[in-house]
Amino acid sequence: MSEPQFELKVEGNSGELLFNGPWQLASKGTAPFSVIAKQLARHDLQQLRVTIADDCQWDSRLSAVLLSCHNYCTEQNIAFDGSKLPQGAQSLLKLATAVPTRQQSKPQQPGFNPWRALTSGMQKMLGFLGFLGECAEATGKLLVGRANMRFTDLGQFLFLAGPQALGIITLLSILVGMILAYLGAVQLRLLGAEVYVADLVAIGMVREMGALMTAIIMAGRTGAAYAAQLGTMQVNDEIDAVRTLGISPMEFLVLPRMVALILIMPLLVIYANILGIIGGAIVGLGMDISFLQYVEQSRQALDMTQVLSGLVKAVVFAALIAIAGCRAGMSCGRDSAAVGQATTKAVVTAIVYLVISDALLNILYSEMGI
Amino acid sequence: MSAADTKHKAHIEVTGLTMAYGDTLIQRDLTFTVNRGDIFIVMGGSGCGKSTLLKHLIGLLQPAAGEICYNGVSYFDASARQQDDMRRSWGTTFQTGGLFSAMTLAENVALPLQQNTQLSKAEIADLVHYKLALVGLAGFQNYYPSQISGGMQKRAGLARAIALDPEVLFFDEPSAGLDPLSSKLLDELIVQIQQTTGATIVVVTHELASIFAIGNNSVFLDPESKTMLDCGHPQRLKTDSPHHQVRNFLARGKLSRGQLAHDQTDNSHREKTP
Ligand SMILES: Nc1ncnc2c1ncn2[C@@H]1O[C@H](COP(=O)(O)OP(=O)(O)OP(=O)(O)O)[C@@H](O)[C@H]1O
Ligand SMILES: [Mg+2]
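Chains Y and X supply the protein sequences, listed in that same order. Using my numbering, read the first sequence as starting at 4 and increasing by one per residue. Using my numbering, read the second sequence as starting at 845 and increasing by one per residue.
The list that follows gives simulated cross-link-like pairs (lysine to any residue, SDA-like), each with its CA atoms no further than 20 angstroms apart:
#, chain 1, residue 1, chain 2, residue 2
1, Y, 144, X, 925
2, X, 1028, X, 977
3, X, 899, Y, 251
4, X, 965, Y, 153
5, X, 1028, X, 995
6, X, 899, Y, 338
7, Y, 144, X, 959
8, Y, 127, X, 865
9, Y, 144, X, 928
10, Y, 31, Y, 56
11, Y, 144, X, 958
12, X, 1028, X, 882
13, X, 899, Y, 239
14, Y, 87, Y, 57
15, X, 899, Y, 238
16, Y, 12, Y, 54
17, X, 899, Y, 243
18, X, 965, X, 984
19, X, 899, Y, 246
20, Y, 41, Y, 17
21, Y, 144, X, 923
22, X, 899, Y, 249
23, X, 853, X, 1076
24, Y, 144, X, 927
25, Y, 127, X, 866
26, X, 965, Y, 152
27, Y, 144, X, 924
28, Y, 144, X, 926
29, Y, 12, Y, 50
30, Y, 12, Y, 71
31, X, 899, X, 868
Quick caveat, the hints were computed from the structure, so don't treat them as lab data. None of these values were measured; they are calculated from a predicted model.
One chain only, chain Y, in its complex shape (with noise of 0.2 angstroms):
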């Protein structure tokens, strides 16, 4: 006798339920109670007693069963006799029983509804409204010298933002100089124009790869830390004691980190648009220009009007990445896996918005003839 085992006796509609053989966690077999409740439920019984055999060695794996079938009996009415049980097993079981089962009392939404699907959709957005209002109220307060920020903060957020991705900017940018110059030479050779390369590159760094390559590399790396950083914060209640000493969580710590982005985006830019040329002049050198005619040609190509239209786009990329990781982490739940959703989130809306702006900017631009 190596597994569990139990034997129902009944006379008339009252039954003995005997359990011997080992039950415990470690002894071989299965015997779930829903094999006992089948058979239980052959007969119509009204009371049920329940033994272990003397012999019967038994740990939690046979307090379980003793759980499920006295639950069992209640659910059907009938009347559960343990007292022929161990005392120990008695007593487990009167623990067990002695808070009874919470009714679930947030049933599951069954199936999509539309109706609540719009109005939290509605109050996503008043969210997000809320949240650019009091980004301006602070960006505001900011301006007339009145914001609660600190100004440590501030260069840390802004070192953190600027010289550590330097590293990351420095190989990306000359390598997409390199894959302009090459898109280029492919077609500008035909023609036999291949000075021409340095114009295209020059014109397409600065208006537009260089500031949205930075901003791609920023989303990842800043934006998502923010995300990250805040959402913590809210896990630790932190943002909450915030609240509580008087101060606005957004002056305090949503300002620094997007002032540091606005801040520090433009300069980044114009370093990737430098790298990117020289990337660019490294192709050139294998089809025979020499970087000083590579430059002259570059520098012919660029107006202010150009570096300005891309420094603009560094501003706004800025504040639209920070926007988007600070808004995640405001309102990130209160567990980990939440601070998980918050940086995809930031991440994820950040490229979304990036790719928006850039193409409105771009109509824009060509609007007005520039």
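Here the structure of chain Y is known, so what remains is to put chain X with the ligands in place on it, guided by the hints.
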């Protein structure tokens, strides 16, 4: 108004407060008054909504119904400026500490002082040292919250809460996670703060010893009926409350010893039966 008048005036009045997270009701129809200078205990079983009540009292959560008045002014009807002023006169500790993890303990405690006073750096440093010494953390100024233990984080949170000598102090389970000696010291500190500054103190706690040692007013929240069962002096509730849940909760010390003995005989019985 003379000082004697304000002495017995109601400081916090809660009327018909109902609290809910979305559709989930937590507690309803709470009505009680905290008088100026009270040490007011919020008690009740785990998960009955004590921390939630505290978050309503400090204005972090909006009531589903009812109102909360400070000195006769309803917090949620007040203007943004009034709300800011009210919040500045409160100090709060959170169940999880709520320290700013990116700042050292000294910076944490200094923050409310920098924000709300014109004190010089040196004076602030002195005050920070004093407040940390009060909670037994002198010398930990330059530690980050992640570098100290959970109980120490609680005490550091307390130091930050009392930085501005607030009029109302809210403590969420200040002594959970502290050893008996430290929690006794903490009780003494709370009473001291009350006596020296005259602050009104609201404490969420399960510790029976603390409840009787420091509390002179209290409210009992019941998770079953989702409302308050009784309020008043803890000693009175222990002997005279009409609700057996309240009397049992407050008399647990004795009850549990009896129950424990009973359980032990059960176990010894089980050992003997093969
Ligand atoms: N953010 C939330 N969203 C939804 N429900 C919540 C939230 N926070 C708490 N609850 C629910 O509210 C109830 C009360 O929680 P609360 O934290 O106030 O309990 P408590 O009395 O402080 O318990 P404890 O003594 O264990 O700290 C719990 O049942 C919990 O499930
Ligand atoms: Mg709590």
